[in-house]
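Residues per chain are reported as follows:
Number of protein chains: 4
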Amino acid sequence: MAIAQETVILHGHIIDSLILAKVLDTILMMGGTFDLEEVVIGKTRHEPSRAKILVQASSTDLLAEILRAVQPHGASIERELDCRWEAAPADGVFPDEFYATSHLPTQVRLQGRWIDVERIEMDLGIVVNADKTAARAVPMGDVRRGESVVTGRTGIRVIPLQRPQERDVFSFMESQVSAERPHGHIVADVARRTDLLREGHRNGKPDSKVLLAGGPAIIHAGGRDALAWLIDSGFVHVLFCGNALAAHDMEADLYGTSLGYGLSAGRAVPHGHEHHLRTINRIRAIGSIQAAVESGVIKEGIMAACVKRGVQVVMAGTIRDDGPLPGVITDSVAAQAAMRAAIPGVGLALLVASTLHAVATGNLLPARIPTVCVDVNPAVPTKLADRGSFQAVGLVMDAASFLRDVARELGWKG
Amino acid sequence: MAIAQETVILHGHIIDSLILAKVLDTILMMGGTFDLEEVVIGKTRHEPSRAKILVQASSTDLLAEILRAVQPHGASIERELDCRWEAAPADGVFPDEFYATSHLPTQVRLQGRWIDVERIEMDLGIVVNADKTAARAVPMGDVRRGESVVTGRTGIRVIPLQRPQERDVFSFMESQVSAERPHGHIVADVARRTDLLREGHRNGKPDSKVLLAGGPAIIHAGGRDALAWLIDSGFVHVLFCGNALAAHDMEADLYGTSLGYGLSAGRAVPHGHEHHLRTINRIRAIGSIQAAVESGVIKEGIMAACVKRGVQVVMAGTIRDDGPLPGVITDSVAAQAAMRAAIPGVGLALLVASTLHAVATGNLLPARIPTVCVDVNPAVPTKLADRGSFQAVGLVMDAASFLRDVARELGWKG
Amino acid sequence: MAIAQETVILHGHIIDSLILAKVLDTILMMGGTFDLEEVVIGKTRHEPSRAKILVQASSTDLLAEILRAVQPHGASIERELDCRWEAAPADGVFPDEFYATSHLPTQVRLQGRWIDVERIEMDLGIVVNADKTAARAVPMGDVRRGESVVTGRTGIRVIPLQRPQERDVFSFMESQVSAERPHGHIVADVARRTDLLREGHRNGKPDSKVLLAGGPAIIHAGGRDALAWLIDSGFVHVLFCGNALAAHDMEADLYGTSLGYGLSAGRAVPHGHEHHLRTINRIRAIGSIQAAVESGVIKEGIMAACVKRGVQVVMAGTIRDDGPLPGVITDSVAAQAAMRAAIPGVGLALLVASTLHAVATGNLLPARIPTVCVDVNPAVPTKLADRGSFQAVGLVMDAASFLRDVARELGWKG
Amino acid sequence: MAIAQETVILHGHIIDSLILAKVLDTILMMGGTFDLEEVVIGKTRHEPSRAKILVQASSTDLLAEILRAVQPHGASIERELDCRWEAAPADGVFPDEFYATSHLPTQVRLQGRWIDVERIEMDLGIVVNADKTAARAVPMGDVRRGESVVTGRTGIRVIPLQRPQERDVFSFMESQVSAERPHGHIVADVARRTDLLREGHRNGKPDSKVLLAGGPAIIHAGGRDALAWLIDSGFVHVLFCGNALAAHDMEADLYGTSLGYGLSAGRAVPHGHEHHLRTINRIRAIGSIQAAVESGVIKEGIMAACVKRGVQVVMAGTIRDDGPLPGVITDSVAAQAAMRAAIPGVGLALLVASTLHAVATGNLLPARIPTVCVDVNPAVPTKLADRGSFQAVGLVMDAASFLRDVARELGWKG
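Residue numbers (the working numbering), protein chains in the order written: chain L, 1 to 414; chain Z, 1 to 414; chain U, 1 to 414; chain G, 1 to 414.
If you're looking for bench data, these hints aren't it; they were derived computationally from the structure. Just so you know, not all the hints are guaranteed correct.
With a straight-line cut-off of 25 Å between C-alpha atoms, the simulated SDA-like cross-links for lysine to any residue are [what the hints assert, rightly or not]: (1) Z:K413 x Z:A188; (2) L:K52 x G:A191; (3) Z:K299 x Z:S288; (4) U:K413 x G:K299; (5) Z:K52 x U:H11; (6) G:K413 x U:R192; (7) L:K52 x G:D35; (8) U:K299 x U:V333; (9) L:K413 x Z:L36; (10) G:K52 x L:E37; (11) U:K52 x Z:L36; (12) Z:K413 x L:H185; (13) L:K413 x Z:K52; (14) U:K205 x U:V307; (15) U:K52 x Z:L196; (16) Z:K205 x Z:D195; (17) U:K308 x U:P206; (18) G:K308 x G:S208; (19) Z:K413 x Z:L196; (20) L:K299 x L:A285; (21) Z:K52 x U:L36; (22) L:K205 x L:E409; (23) U:K413 x U:A188; (24) U:K308 x U:G345; (25) L:K413 x Z:A188; (26) Z:K52 x U:E47; (27) G:K299 x U:G184.
The following label-pair restraints were derived from C-beta to C-beta distances [what the hints assert, rightly or not]: (28) Z:S58 x G:G414: 26 to 36 Å; (29) Z:D142 x G:G152: 26 to 36 Å; (30) G:G414 x Z:D96: 43 to 53 Å; (31) G:G345 x U:K299: 45 to 55 Å; (32) G:G414 x Z:T133: 53 to 63 Å; (33) G:W114 x L:P48: 48 to 58 Å.
Nothing here was measured: the structure is a model prediction, and the numbers come from that model. The beta carbon of each residue, even a glycine, is placed where N, CA and C say it ideally should be.
Next up, chain L with everything else stripped away, as it sits in the complex (with noise of 0.2 Å):
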């Protein structure tokens, strides 16, 4: 029955990571059979391992999708090739057959040698420079009109992650969804790389920036003030968020309120929830909130905090906003840009109470980044793990809980 074959090598941590069985799996469902031809285990956990497996199937044409399949798990085909590219059509337009990324490390085979691809990211395409030396991982929307992008799926391999070396929540298989398990650690977890990369930072280590990527309900729910002291106190570098955050949170530094509620007093506050749009006008007055941090207008909180230490910030524009405040980046693929620019160096993301923002920056983070997803709907930690960051964490928890909870473990008194 088995009209056509090939074989298929798997290499690297192909147990520990459950490739083997993914691809075996993945195999069988298609409709293949498989010969295991040859299986050599690392007999500890740093030696990889290595699979070699003949795959059949009843047409060329299963068979060919098979090989699709089971690629991205890392399965290269023995036959090495290099990688085909072709022309791009137009300024903004991939070749038909466009090779698509995924998240985890991947390498090309140009002239015979694997090239890592840089700057990869989830859902790119890859173009290859003119002399076929290098490659990069590229939005659909920056390509241009000519350049060599790579197609199909021959000499492309991608390599699965090992698990880290730290035993903390970031190495574990399973991503933890739950509102019915313990938080303590989990925070205890983060709170310690926290300051292992606030330590890296200092020293100038690579890939040792945090990015908090954050929603209003950090305002509202009463994280403000243990996000700004992070801030503050070199925790965090570089900060997504969007108009609303930005405008509460100086709301409450204007008005002590939050959406119209008193942070404080803790009700709504008669006409309160005119105070954000009061807010954003006067510091559209001024022109921008740099403007309003150093001439004094704006004194506390977190973007007071952003301006003093020098954090990065990338505000994008959505259609629910008011106004909106100066600096905001209205387009959102000029938006998106910005937050892909400030990606490098990052060794930690968490993805605070913001659907919009968690989704968007973990489609923009290669797998091997530690990822925490925080939210009090089970909803977006799930999404996010659906999507499978590999090192993703969900937690089901209020954002000022969180927040709160880390800064505690670091050293604030609040």
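Position chains Z, U and G relative to chain L; hints supplied.
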């Protein structure tokens, strides 16, 4: 068109409790019309108001229906008649036309005098004593054949609650069920009330007990230490829980895990899911939780604090239970009766992270008792609010963060 | 104690809209007192009521605060004065004391006459024309330097909404946000309104457009066929969506998948997650969705139905987007303006399975437009209700089931 | 460093069930090392695999811990010894070292032979018969003093489940808990299984019963007709529910309401919340649900269909109950036992809109029984999946839509 009419009286805090608006609204929505014959509105907050409303309808049936509908809001028919009653036809069975109670203060007219119904609670019947001088609310299962059960709606009046004097979270018209509102002040108000009640309880003041009804997520999510401290410090006087909370609390003491998750290490302990079974087995061998605490087998935690402080504990069984632990009341009718018996004297109810206990306890509470329902899932606080508890506050927050924040407000150093 | 006082007038449906109760409540909660000098209550549903309230406070500051607080409920100060205005200090900046609108019908007093504010919408300013004969609500970003912007609260009145005549789900006081209430009748009421509006729209009646704002979960969960049928049958006239809904709709047409899940086979298709990328790339190559439909590349589905029926589509970009598709408005301010321009004429708004679009659209809708917010997550309908849209109904239900049930009510055979 | 070692054997479908990966992972995570002495991988889907693993640890204690941890995955120690047992010290108490079962098929070695443990279920003990020829799983409360209870881990093996042959939703590795995945195919797969089981049940095939465990939201949300039709058409053979589902079902028959909401009119009926009380009172007066149906008082609906079709109903009481109805088993231990007794013969379990019943039933089900958990709240399906039921599928969907869609697939015309 109006061929039937009747005059009803509304009396009390009918403006600020929205009663007048609701009654007029109900009349119109049901197809009736009204004539406001007299409206005297209290000019200050404490002065009661009074309205006299002529209700008109196109048939006597419709009129009767409208009168039934407005009666629970406190509208009493002007011609004052004694209430009617009928003998219960069998043990545990009310007469067909029995009056079903609300959780608001209620009076029945007996021999020309308005008598308070004792032990008011939602969804019960009213039994009148032999000489027609007293009345009390009785669960269906508790009525005995031949007892006089109030029927119809004549001679029954419901007293609208006055808004409480305190200017805290419980004096607001709308319960706050949202993850996007500040929690800090609710926690602070709850802590302040708790503190006042402890003071009152020490001084023998009535209605000064604090009731906590909670689920096992308190333990899983890390709230055990805080709750144990609250109990140990005299802030909680009655605990409603199930087998699971007690088992996981003592599991934490014996094994340091909850549902197999290491509470300190924070990750799944191999075979840890057995720990709760072994805990239950051990306590069964010892014979009782009290004996386990007194013999020093169980040293710390919620159950230990309850035993040491003489807190009244009602543990109700469910079909989810392993074991169960000695002391668990496996019969749901008996458990409900035990809970009911513990309600008198309660001045604040905290319903934390348990849909079952929150709803069951909510059913037993008179409307006047301030109630906070805390759950990370907004459906639970919403369900409580749906049941119309006037002074119920919903809080979308994880149980551990809530208990830790309350405890911190009260002086906990955890 | 009362050293400051002012008489305010409430006029309209102040009883059945709870306005009177809320105003008295606000006065008391803020520490003022009142004297009800006159209360004339309409004796029927359609007759307006009137109240004259003497508000007293211990300071002129407190009095001013109370008056500010009751004004949005429709309380106007008796001494009728013209509204005040000030010139906008710069493009996109209001004067400091600008009046921020609610979404209720609003009038300003100009040269002794009460003038309706056009294009009313929440959280805007009011610009008065040069000869002070007209006023319209204007977003902050749209105001031009020197335009006359209404300030303070004098000479402004808000008209409480009358409860609608129809006895359907939109005429109730409370939005229904619960998974535990029957959905059938809400679906039936929505269908009936939709049917009436189609009839009206065909006959050129004003305010007869149906707006649907939706997210990609419509496609993922299986609601595509039903929505396409609704559009194709003339039941939907305006569609607000994002890149994802459009991309997944066309992915379903080209590949039979949504986010890589086979919609018929129902399971993850190998490499299916690429399909939306390839779909976007293909439409970019063609140049527009319209061209893709007209050339026959896209044959069926939501976008095809929109093109064929001339439905107005506003696609707003976000930072989550791949591509994006041609036609997506990537600038959020421009997208908001396009949505705003599409609101006039809308008589029913269906906000389905998209927090972002639901909130953004909710912000733009005047209070009088009946609105249904459908989401499987109760937080979204609750958030909409929180914003105080009077006629907003929340439905906790998955998007596909909702759309399929509405379509079946209207004759769909799917 | 490794001063202790032991060889363990894994046998069966250890690749496609991910068993080998999990075992190696566990060894490493706990600080051990391994040597894969032999790996024979089945070359086809049906051929079992076999691995021989030398486990090494730095102490005998650690080694013992690791062996305990890998044993539930099916790793048996090579030197095959009989299992050990100890006499139960008292009624309802296991020996300290009792072996706690998983829900996977399990064998114990008795007199040199591997014997299947009967009635396997999670979290029980294993009792060996007097002549050591048979073993069965026994709840803690059921053990009698002196019975031989298996202890330790020697001579016990767990058989990994093979993936099912059918290529439907139950044969996938990952449960699908997301509102953003297509539901249509899951519903179709469930309907197909249900149909096959009805066929099997008619022909007397073993394991062909369909069990539905459901909550009252089925009635509230509008799924009553569909479920009654499914029962009446012979698709459901066992029903687990509580007092509320039965009461609201019969309330709908007697009053046309559910929790006071008119199911057809669709809005709150004045005093409708009493209807369930009156319903319960009426059935109590009649004496039983069966008598109410047979006498024609209850004509249609779920309970009527159950009586007419002879469906086995287990109604378990809770502390939330009013009444309760006659037939409700108020003792939770007795109710659990009744549920347990109804499990044998079940071939498909549908857990719909009830956290309590879903978790309680999930606890009783052997891992091999396909299970679907449907809830609008993602936490419930997630919790079920957390408990590791291999073939459990989670569906985030409202109960009514699920039941109506399943019924339509099977021919319902509602």
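Tested hints:
no. : hint                        : result
1   : Z:K413 x Z:A188             : 16 Å, holds
2   : L:K52 x G:A191              : 41 Å, violated
3   : Z:K299 x Z:S288             : 14 Å, holds
4   : U:K413 x G:K299             : 30 Å, violated
5   : Z:K52 x U:H11               : 22 Å, holds
6   : G:K413 x U:R192             : 21 Å, holds
7   : L:K52 x G:D35               : 20 Å, holds
8   : U:K299 x U:V333             : 32 Å, violated
9   : L:K413 x Z:L36              : 59 Å, violated
10  : G:K52 x L:E37               : 19 Å, holds
11  : U:K52 x Z:L36               : 17 Å, holds
12  : Z:K413 x L:H185             : 18 Å, holds
13  : L:K413 x Z:K52              : 58 Å, violated
14  : U:K205 x U:V307             : 23 Å, holds
15  : U:K52 x Z:L196              : 40 Å, violated
16  : Z:K205 x Z:D195             : 13 Å, holds
17  : U:K308 x U:P206             : 23 Å, holds
18  : G:K308 x G:S208             : 20 Å, holds
19  : Z:K413 x Z:L196             : 20 Å, holds
20  : L:K299 x L:A285             : 17 Å, holds
21  : Z:K52 x U:L36               : 17 Å, holds
22  : L:K205 x L:E409             : 23 Å, holds
23  : U:K413 x U:A188             : 16 Å, holds
24  : U:K308 x U:G345             : 21 Å, holds
25  : L:K413 x Z:A188             : 18 Å, holds
26  : Z:K52 x U:E47               : 18 Å, holds
27  : G:K299 x U:G184             : 22 Å, holds
28  : Z:S58 x G:G414: 26 to 36 Å  : 35 Å, holds
29  : Z:D142 x G:G152: 26 to 36 Å : 50 Å, violated
30  : G:G414 x Z:D96: 43 to 53 Å  : 33 Å, violated
31  : G:G345 x U:K299: 45 to 55 Å : 48 Å, holds
32  : G:G414 x Z:T133: 53 to 63 Å : 55 Å, holds
33  : G:W114 x L:P48: 48 to 58 Å  : 37 Å, violated
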